[in-house]
Amino acid sequence: MEIKDKVGWSVSEMAQNVARDIPDGSYVNLGIGMPEMVAGFIPEGREVIYHTENGLLGMGAVAFPGTEDPELVNAGKKYVTAIPGAAYFHHADSFAMIRGGHIDICVLGAYQISEEGDLANWSTGEADDIPAVGGAMDLVAGVETIFVITKHTTKTGEPKIIKDCTYPLTGKNVVSCIYTDLAIIDVKDKKLVVRKLAPGVSFEELQQQTGAVLYPNP
Amino acid sequence: MEIKDKVGWSVSEMAQNVARDIPDGSYVNLGIGMPEMVAGFIPEGREVIYHTENGLLGMGAVAFPGTEDPELVNAGKKYVTAIPGAAYFHHADSFAMIRGGHIDICVLGAYQISEEGDLANWSTGEADDIPAVGGAMDLVAGVETIFVITKHTTKTGEPKIIKDCTYPLTGKNVVSCIYTDLAIIDVKDKKLVVRKLAPGVSFEELQQQTGAVLYPNP
Amino acid sequence: MINKVFHTAAEAVADVFNGATVMISGFGEAGSPVELIHALVDRGARNLTIVSNNAGSGHVGLAALIENRQVSKIICSFPRTLISVVFPELYRSGGIELELVPQGTLAERIRAGGAGIPAFYTRTSVGTPLAEGKEEREFGNQHFVMEKAIQADFALVKCQTADRYGNLVYNKTARNFGPVMCMAAKTTIVQAKKIVEPGEIDPECVVTPGIFVKRVVEISNPADESKLVAEERRYPWK
Amino acid sequence: MINKVFHTAAEAVADVFNGATVMISGFGEAGSPVELIHALVDRGARNLTIVSNNAGSGHVGLAALIENRQVSKIICSFPRTLISVVFPELYRSGGIELELVPQGTLAERIRAGGAGIPAFYTRTSVGTPLAEGKEEREFGNQHFVMEKAIQADFALVKCQTADRYGNLVYNKTARNFGPVMCMAAKTTIVQAKKIVEPGEIDPECVVTPGIFVKRVVEISNPADESKLVAEERRYPWK
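Protein chains in written order, with our numbering: chain A, 754 to 971; chain B, 754 to 971; chain C, 12 to 249; chain D, 12 to 249.
To be clear, the hints were calculated from the coordinates, so they are not data collected in a lab. The model shown is predicted, which means the values in this text are computed figures rather than measured ones.
The list that follows gives simulated cross-link-like pairs (lysine-lysine, DSS-like), each with its CA atoms no further than 27 angstroms apart: (1) B:K831 to D:K205; (2) A:K925 to C:K145; (3) B:K941 to B:K904; (4) B:K941 to C:K197; (5) D:K238 to B:K831; (6) D:K145 to B:K925.
Just the calculated beta-carbon pair ranges, DEER-fashion: (7) A:S765 to C:H154: 37 to 43 angstroms; (8) D:K204 to A:D822: 30 to 36 angstroms; (9) C:H18 to B:T909: 58 to 64 angstroms; (10) A:T877 to C:K249: 35 to 41 angstroms.
Cβ coordinates follow ideal geometry from the N, Cα and C atoms, glycine included.
Looking at chain A on its own, in the form it has when it is part of the complex (with noise of 0.2 angstroms):
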């Protein structure tokens, strides 16, 4: 290691990681927040065709500003751009591809993760929480590959990935791969197989930070 202090991937770094497993010509829907950034790091020569569930294929990158048009956004309600060849279309079409298994890739947030790739990412159970679920269960439910890109542990150092969500779920055995600060694991006949473990990482320290069993890359 040439930098020796580093210890695990940045949120950039996180995404690269997302991006090169994203293949040519792939239809990919992009979750609000961290996923967004993934975009933009598909290495180059690889098309990509991004989906937003609130009407839109062809997604182009976020709006310059001065150029927003408020009916124009993404699913995180961000003012975006449309490519040529874009397509609009209204919601039940919309979640037709979802629900419909069209959509190739989904990346998403997580508050948890079990170890059989059960997610929860929409609601902490809390007594004064306003619910609100959005399009995650539609995704999860309806994408053949779901993508995760999450710290690997909260802000207070809990773990995310555990044996079984304590949150209320988005989705049973759902996750196709995790990828975190420290590590891509994948979601493998219900256990989680750490694929790589970011510079720094040993896969003790990894098992330390996880509240669920890991197993090494065959």
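Once you have looked at the hints, place chains B, C and D on chain A.
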């Protein structure tokens, strides 16, 4: 009566009788054959919008010879036209209009009508009959008001209005009104009520040519 | 002659009654019929059930309708936004009922309501708290829940261009829930930025055919909701 | 770069296999992908299940495919036309299976197949012979039958204009089953009268977004089926 020897209504008069019962502003679907004639007799001052289930709202007249477009047809596969303000849509959207109750009136032909308003108009049920249903069942199930236009009897003089249909049904309790060459008959509370007799036709003569009990207009 | 054009938003919503179910288009501010909603605030109909993806921002539009205590229940996928204060407060105090529905299920339930389909099955929400109380069923070894159609007495919808028949086209992602809501309401009321002559909208490009629309009203300069929210405006205007 | 353009109809259908389920767009000749069907005749795949509104006219297009004994079953709403001889003869002799489906139910079952909905309920066919063997259920005191989704391995579709992403627009009533079939097939193969650059189709007017399409081939002068039928032409051409 001026024309002493005239008994019953002509096909044009039958179509006119139907047309008179179509209110201004109605959305109407006309079945193949005799029902298509109704469009020619809408009283002046009324605007009626025609739906053809193969995907056009705002169907206009039949295309002039020489101007036919093989990609602009009605449900009977006749070459037609579209009015200014028309809209094209796909079959699922078209039948959402039908099934969802958005079409006000549908005019259909009939093989048989029962006294409770059952309709048989798609199959004679004979052994070598090639079964073909098209949109008939969707129309009778989805459209609130079904008008039937038909000769009162078959070519061989058998009644078409009978106690129970012997042919396979298109739908049960679906017919609102029957317009024949001999009478206009409303189906009210599962009873056949004669609203109007054609010129030269008595109630008794009509009853003779009908295989179900008729009631006079109260 | 068929002419669905109304002259004012007030006339267009004049018969919305107490206890009505009202669908409201929009995904955040995109496609939200702010002027029709404000007319409904003026109209004062109460005890409404609202079907809408969000629950309003600031103190205008849908948030104003809720703040005016006209809404007893909302069927919604995402009632929480960055600048929503009205709904959360009322919800926490027990002043409004919430039926939370996944976004795609909400859209499909509304389409089903317009398409004569009383119920359908979906994988969405299986194994989650939102599947509780719903019938589950297997098809081909996969689990599904049964979801029922939603219909409404009225729909308030915003579009870009309309004609007197009620044919509509929308603008970009402001299309969102408009087309399915137009299908699912007994009386669909639309505000259009522009009303044109029949035939000016290409029949190949009509998104909502006129059969689904009862009334259109031209609102040529609709409010920019996010601006109103940023300026902390309140409806009724003070 | 995403480029779904194929150079010939033959290449586009080269992997249609024996026993495949194939959806074919069209309402009569309007929207029927005659060149793709003829390429499938040449390809010779057998034991096909065809999903199509009609069963072909004369001895070209779908009728030629049936006459060539490549079709073992057809799911269809109206197999009888004025000039259909091939299907009726084969059906009467027991050489082909027919699943008769009401037209709107057929369209909705195909849409369901594309939209991840395994089953839905409809009033259509209740109380008729076509409801036999189907689950019935009451919602709000009305009777409904349960209908299941239809999916396919391939869809052969005709459209007006396409781009390399597979975005499509259709021409008038030739649209019919195209959009829902594109959704419901694993591999959707489209013949377009014209292929244009991305962006040339207005994004507000795209009918089938490219996500539903795998292959497009330009057939700039598609056959006029009714003319071929009138001329009593037969495919393979003699």
